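Peer 1: Protein sequence lines correspond, in order, to chains A and B. In this text, residue positions in the first sequence follow full-length UniProt numbering: the first is 1, and each later residue adds one. In this text, residue positions in the second sequence follow full-length UniProt numbering: the first is 1, and each later residue adds one.
FYI, nobody ran anything at the bench for these hints, they're computed from the structure. Take the hints with a grain of salt, since some may be wrong.
Identical chains share a label here; the pair holds if one copy fits it or two copies do between them.
[Said to hold, decoys possible] Only pairs whose alpha carbons sit at most 25 Å apart, straight line, appear in this in silico DMTMM-like list of lysine to aspartate or glutamate:
| hint | residue 1 | residue 2 |
| --- | --- | --- |
| 1 | K215 | E263 |
| 2 | K3 | E166 |
| 3 | K219 | D240 |
| 4 | K215 | D240 |
| 5 | K3 | E80 |
| 6 | K189 | D106 |
| 7 | K206 | D161 |
| 8 | K181 | E263 |
| 9 | K139 | D152 |
| 10 | K139 | E196 |
| 11 | K189 | D84 |
| 12 | K69 | D6 |
| 13 | K206 | E166 |
| 14 | K69 | E53 |
| 15 | K139 | E166 |
| 16 | K81 | E21 |
| 17 | K189 | D256 |
| 18 | K206 | E21 |
| 19 | K3 | E51 |
| 20 | K189 | E17 |
| 21 | K31 | D92 |
| 22 | K219 | E51 |
| 23 | K31 | D6 |
| 24 | K3 | E41 |
| 25 | K81 | E235 |
| 26 | K31 | E166 |
| 27 | K253 | D106 |
| 28 | K69 | D152 |
| 29 | K163 | E30 |
Nothing here was measured: the structure is a model prediction, and the numbers come from that model.
2 protein chains.
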Amino acid sequence: MMKRSDRLVAMTNYLIEHPMELVSLPFFSEKYGAAKSSISEDLAIVHRIFEEEGVGYLASVSGAAGGVKYIPKVSATYSEKFIDELCNQLEDPSRILPGGYLFMSDVLGNPHTVRNIGRLFAARFSDVKIDSVVTVATKGIPLAYAVASFLDVPVIIVRRDPKVTEGSTVSINYVSGSSRKIQTMVLSKRSLQEGENVCIIDDFMKAGGTINGIKNLLKEFNANVAAIGVLAEAEDEEEDRVVEDYTSLIQIKNVDANNQQIEVIKGNYFHE
Amino acid sequence: MMKRSDRLVAMTNYLIEHPMELVSLPFFSEKYGAAKSSISEDLAIVHRIFEEEGVGYLASVSGAAGGVKYIPKVSATYSEKFIDELCNQLEDPSRILPGGYLFMSDVLGNPHTVRNIGRLFAARFSDVKIDSVVTVATKGIPLAYAVASFLDVPVIIVRRDPKVTEGSTVSINYVSGSSRKIQTMVLSKRSLQEGENVCIIDDFMKAGGTINGIKNLLKEFNANVAAIGVLAEAEDEEEDRVVEDYTSLIQIKNVDANNQQIEVIKGNYFHE
Chain A
1 MMKRSDRLVA MTNYLIEHPM ELVSLPFFSE KYGAAKSSIS EDLAIVHRIF
51 EEEGVGYLAS VSGAAGGVKY IPKVSATYSE KFIDELCNQL EDPSRILPGG
101 YLFMSDVLGN PHTVRNIGRL FAARFSDVKI DSVVTVATKG IPLAYAVASF
151 LDVPVIIVRR DPKVTEGSTV SINYVSGSSR KIQTMVLSKR SLQEGENVCI
201 IDDFMKAGGT INGIKNLLKE FNANVAAIGV LAEAEDEEED RVVEDYTSLI
251 QIKNVDANNQ QIEVIKGNYF HE
Chain B
1 MMKRSDRLVA MTNYLIEHPM ELVSLPFFSE KYGAAKSSIS EDLAIVHRIF
51 EEEGVGYLAS VSGAAGGVKY IPKVSATYSE KFIDELCNQL EDPSRILPGG
101 YLFMSDVLGN PHTVRNIGRL FAARFSDVKI DSVVTVATKG IPLAYAVASF
151 LDVPVIIVRR DPKVTEGSTV SINYVSGSSR KIQTMVLSKR SLQEGENVCI
201 IDDFMKAGGT INGIKNLLKE FNANVAAIGV LAEAEDEEED RVVEDYTSLI
251 QIKNVDANNQ QIEVIKGNYF HE
């Protein structure tokens, strides 16, 4: 039998590694050789500290098939601080590329930053029924995995070109919102079940042509788009925008390549 | 001031979210309002339970700039069980695709599986000096992030084609090992510092042409390849193999598309 202090370390580790997963009291009781009443007291401590630390809470599910579920959350203080730092980091004029694009690969290359972005979206979408996270290759991939790991659902990757390792695929053509070019998107037939509730995640949205393309491709699978999250949205595209119901963490404004100026502000995630 | 039970939950959460990061005793002491001697006792408990649970240990760094560092590890029992399950899952004949390829997108789409694969590689490479993890788009990306998150280093993504959002790039041509076709690889100039120690991660290796291509591209940055990890290696390629020093988790043998047969066994990770 484990002591309380030992159990708390083991249970904290277990719960963090299994977000959104229903864990029964008998499971913990057996695993750590403790009475269910002791486990209940342990879980009350974990719950309280998770709330105090702003990383989420334990939801209790009652009944015979009941237990607890770790729901990841982020405190408002923490998320605002995190996004403020991200905005500052991105406002560096040396990031401005020809065409008014912004170099973000280093930011998206930091696994800790990516995990935090995933936690923010997962916290926002944790009340929505989501069966899978869909993104399009390649920059959205790490963000999609970060969100999916907190929601405990699989990731499905839409490609620009078919590949032999995908097996049979469904493809669509769509018009890119900003460049007005015809592009292709491809998704493995085996990847989605009929009628799944999906969350679309991407790194960047201008007019929204790419996300609209994903939505059209998902229609071929009768999937229901339950949520859309983009790390960064470009301003100045509001009249041309073809996607309405999305959540953005940051907004990139006034990219002025000639004068090497740029403004990055909080996205609509923080508007409510 | 927090009670011991409360501190253990908070510290466990903090350490798991900050692997390979040196945390000083005064940091914890201040954060949780406890004497350094109490914090030391807490850390001893966390260390013991992490070892018992097979998820790693806390390394003590002495001296003025000292503290503790959570080093992720995986117990042999756990890693063998995990890989056995993975092999079983992949041996399903319905995964065989034309050309003897194997459908693995669903396995690689499971964030929990991907995180475990990352933990295995990170555990094996935790004694090697690694500054960044490099992969090539697209299937290696989630694995690279999983490894990097446990090693606390950035991810750098080699692309097949230049993209405006990468800024200036360095590119090379190389000959694919199996198809003998000339292919291109591109890496953003800003992505790597001179002389960095990198770990290459990819999902699949046949003769090793792709990984050899990455190695050649990295030479342009005077980077040092400190480790190579591939999830799956194909057998039957041993005589043509152009990469020697790699670690594989699984080996795919005898893919027989005509008779719908396939064998998947443990990789060289388990050979020592």
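Peer 1: Please go over all the hints and tell whether each is borne out by the structure.
Peer 2: Going through the hints against the structure:
no.	hint	in the structure
1	K215 with E263	neither (30 Å within a copy, 38 Å between copies)
2	K3 with E166	neither (49 Å within a copy, 53 Å between copies)
3	K219 with D240	within (22 Å within a copy, 44 Å between copies)
4	K215 with D240	within (17 Å within a copy, 43 Å between copies)
5	K3 with E80	neither (38 Å within a copy, 29 Å between copies)
6	K189 with D106	between (33 Å within a copy, 11 Å between copies)
7	K206 with D161	both (22 Å within a copy, 21 Å between copies)
8	K181 with E263	neither (28 Å within a copy, 44 Å between copies)
9	K139 with D152	both (21 Å within a copy, 20 Å between copies)
10	K139 with E196	both (23 Å within a copy, 23 Å between copies)
11	K189 with D84	neither (40 Å within a copy, 27 Å between copies)
12	K69 with D6	both (20 Å within a copy, 19 Å between copies)
13	K206 with E166	between (29 Å within a copy, 17 Å between copies)
14	K69 with E53	both (17 Å within a copy, 20 Å between copies)
15	K139 with E166	both (19 Å within a copy, 11 Å between copies)
16	K81 with E21	between (28 Å within a copy, 21 Å between copies)
17	K189 with D256	between (43 Å within a copy, 23 Å between copies)
18	K206 with E21	neither (35 Å within a copy, 37 Å between copies)
19	K3 with E51	both (23 Å within a copy, 16 Å between copies)
20	K189 with E17	neither (30 Å within a copy, 36 Å between copies)
21	K31 with D92	neither (51 Å within a copy, 32 Å between copies)
22	K219 with E51	neither (39 Å within a copy, 48 Å between copies)
23	K31 with D6	both (12 Å within a copy, 21 Å between copies)
24	K3 with E41	both (13 Å within a copy, 15 Å between copies)
25	K81 with E235	within (22 Å within a copy, 50 Å between copies)
26	K31 with E166	neither (39 Å within a copy, 49 Å between copies)
27	K253 with D106	within (20 Å within a copy, 38 Å between copies)
28	K69 with D152	within (11 Å within a copy, 27 Å between copies)
29	K163 with E30	neither (46 Å within a copy, 53 Å between copies)
In the structure shown, a violation is registered for the earlier hints numbered 1, 2, 5, 8, 11, 18, 20, 21, 22, 26, 29, in ascending order.
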